[in-house]
Amino acid sequence: MRILVVEDDAETANYLVGGLEEEGHAVTRAGNGRDGLFHAMTETFELLIVDRMLPELDGLTLVKTLRSAQIESPVLFLTTMSGIDDRVTGLNAGGDDYLVKPFAFSELIARVKALARRPRGTAVETRFKVADLELDLLKRVVKRAGHEITLQPREFRLLEYLMRHAGQVVTRTMLLDNVWNYHFDPRTNVVESHLSRLRTKIDKGFGTELIHTVRGAGYCLRAPE
Amino acid sequence: MRQNKLFQATSFRLALLYAGLLAASVLVLFGLTYWFATDYAAQDETNEIAVEAASIQDEARLRGDAELPGIIENHMRLRKDVRAVYLLEDANGRKITGNVDAVPPVLGPTILDRDLDGQKRQLRAYGYRMANGQFLLVGQDTATLRQMKALIVRAFSVGLVVTVLLAVLGTVIVGTTVLARLESVTRTARAIMSGDFSQRAPVRGANDEFDELAISMNAMLDRIEDLMRSMRQVSNDIAHDLRTPLTRLRQRLEHAKRRATSVEELHEALTHSIAQVDSILETFGALLRIAQIEAGGRTGMKMAVDVSKLLSGIAEDFAPAAEDQGQRLVADIDPQLRAEADPELLTQMVVNLIENAIRHSPPGAKIWVQAKSVGDGLELAVSDTGPGIPLQEREKVLRPFYRLEASRTTQGSGLGLSLVAAIAKRHDAKLSLSDNAPGLRVAVVLPAAA
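One line per chain: the protein sequences are C and R, in this order.
Once you know that position 207 of the first sequence is 207 in the numbering used here, the rest is easy, because the numbers rise by one and skip nothing.
Once you know that position 367 of the second sequence is 367 in the numbering used here, the rest is easy, because the numbers rise by one and skip nothing.
A hint or two may mislead.
[Stated by the list, open to error] Label-pair ranges, simulated between beta-carbon atoms:
1. C:P55 / R:M303: 33 to 39 Å
2. C:K129 / R:E268: 39 to 45 Å
3. C:F38 / R:D332: 57 to 63 Å
[Stated by the list, open to error] Computed cross-link-like contacts, DSSO-like style, restricted to lysine-lysine with a CA-CA straight-line distance of at most 30 Å:
4. C:K64 / C:K101
5. C:K101 / R:K257
6. C:K139 / R:K430
7. C:K101 / R:K425
8. C:K139 / C:K101
9. R:K396 / R:K430
10. C:K101 / R:K302
No wet-lab data here; the hints were simulated from the structure.
Ideal placement from N, C-alpha and C gives every residue a C-beta, glycine not left out.
Next up, chain C with everything else stripped away, as it sits in the complex:
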């Protein structure tokens, strides 16, 4: 995947570029907002990772400019801890996701993968199928091997998110952000308890497990190999 990293802090940029290249991505690097905009306007990238605070041209303006020029590559904003309002303004400006610094690299990778898959502006999917597990958004029905399964509303949303990102690693914070809409990290095991309940309903008694725990990273819903 071709990725543009716009980050002025050399150490963070090295960390990002090094890690992403290790993952097999082709990374272009820009040290300020103006250079970042130039690269983004003249080349094609599948993903942009943009710091909010940049010299010359701030990240927000950069992305607004890109969006007004009809450049729709997904954008992942990087923000600092103190910027609690950044998420809303960032998403409003045309960002697709945000990550608060400092972050674990596994978190970044998971989000990069999720964004690369996100179909921008394509038709909305309403039915998902992974192996013998089916989910219908319109009928709000979940079936495993033809058997209907009753889920709580939150469990349904959790499963929907997992199925949208089937085959990808989904982190705890991604789930909190997108399923619970909690933009802070609760200390109790909200995610874990819901996941274990969902697992019991989806996997128990069906032989093959679909929901997997990826140690130190998150969860993954995938069909058996």
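Following the hints, complete the assembly by docking chain R onto the known chain C.
The following block gives chain R in isolation, referenced to the frame of chain C:
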């Protein structure tokens, strides 16, 4: 003493202004009085002359013109005291009788300068031509008018002096009392600027504007002092509380450097270290968030929130987590409760309270999430059957990093309730901790939506 000079200058300017204004009004009053009074007196004199002349003419008509000198002499005798003037001349301008020298006969009103009792006097007179050709002049000394004018001038001169004196005196009194009170506020401000933050502006108890100013200023100073103290407290606590985990982290890393013999051991040490750094960063994050909420950011984020729906959702989310701990979470939420709030902050506040209840209560405990309408707003409450908080500790647990002895060992930054308090304050809500007998009940009363 620049400020003293300024103060004096202000009083002096005020005194001058008031004295000037009052003097001007006294002068205007004087002019009007003088004009109206003298006009009236002159008219009165003229009328008196006319009446006197008419009475002489009447008598002459009755007794015949030949009796005129006798009539006049009679009148002269009778009205000697009022300094009346009479003159009768024959057709050739020779004086027949009278108490003044002959004058050329002029008909109608006239003013004569004449010696009267050895003094130069102005006379107001009226000349008449009688039927037999004689000229009659009846007049009166203008003494009354002159005296009245003199009196008015004297009265107003004295009045003017008194007025100016009073104005100056009044301003001096205003200067020394009112301006002195402003001075005391200035002095307080100066004392604070030079470092003595305990100074407060004096309040007289007169309930006037100056007291109001002093009270508002003192309240502002109290708030600032409060913030400064809590900031100092927080920075002390941060220094202290972050030193401990950083020291532990250092020890762990050093230990790994010296003792670790395999890659696996090093890896393990690093994994632990990263977890420790994450928890330190989390503490920083929480601190920043509290600071930001307290600093009053996110003002534009308030909106009409369906509190019932929000709370029910949270209760549903946390019921399984409580269940996993062998606890039971019960929601008792009245429907259709609304409030003007920041939904994200409100969510975090309730989540923090529920998590506290789950974390500090033993298995088998019951946790309630309640919401209902109360008199002046909306009460959200989270209560549990856990160990509770002793009365004397309830105020302290709201402070950053404060932890009860019993919970020292449980995980947590000690910032959860501080965050709750900050969010409550941000919403002008009242936060109270009470005994749930057994356990703790934390209630937040949001003010009713305007």
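Against the structure, the hints come out as follows:
| no. | hint | in the structure |
| --- | --- | --- |
| 1 | C:P55 / R:M303: 33 to 39 Å | 35 Å, holds |
| 2 | C:K129 / R:E268: 39 to 45 Å | 41 Å, holds |
| 3 | C:F38 / R:D332: 57 to 63 Å | 59 Å, holds |
| 4 | C:K64 / C:K101 | 22 Å, holds |
| 5 | C:K101 / R:K257 | 28 Å, holds |
| 6 | C:K139 / R:K430 | 44 Å, violated |
| 7 | C:K101 / R:K425 | 28 Å, holds |
| 8 | C:K139 / C:K101 | 40 Å, violated |
| 9 | R:K396 / R:K430 | 16 Å, holds |
| 10 | C:K101 / R:K302 | 26 Å, holds |
Against the hints set out earlier in the document, violations occur for numbers 6, 8.
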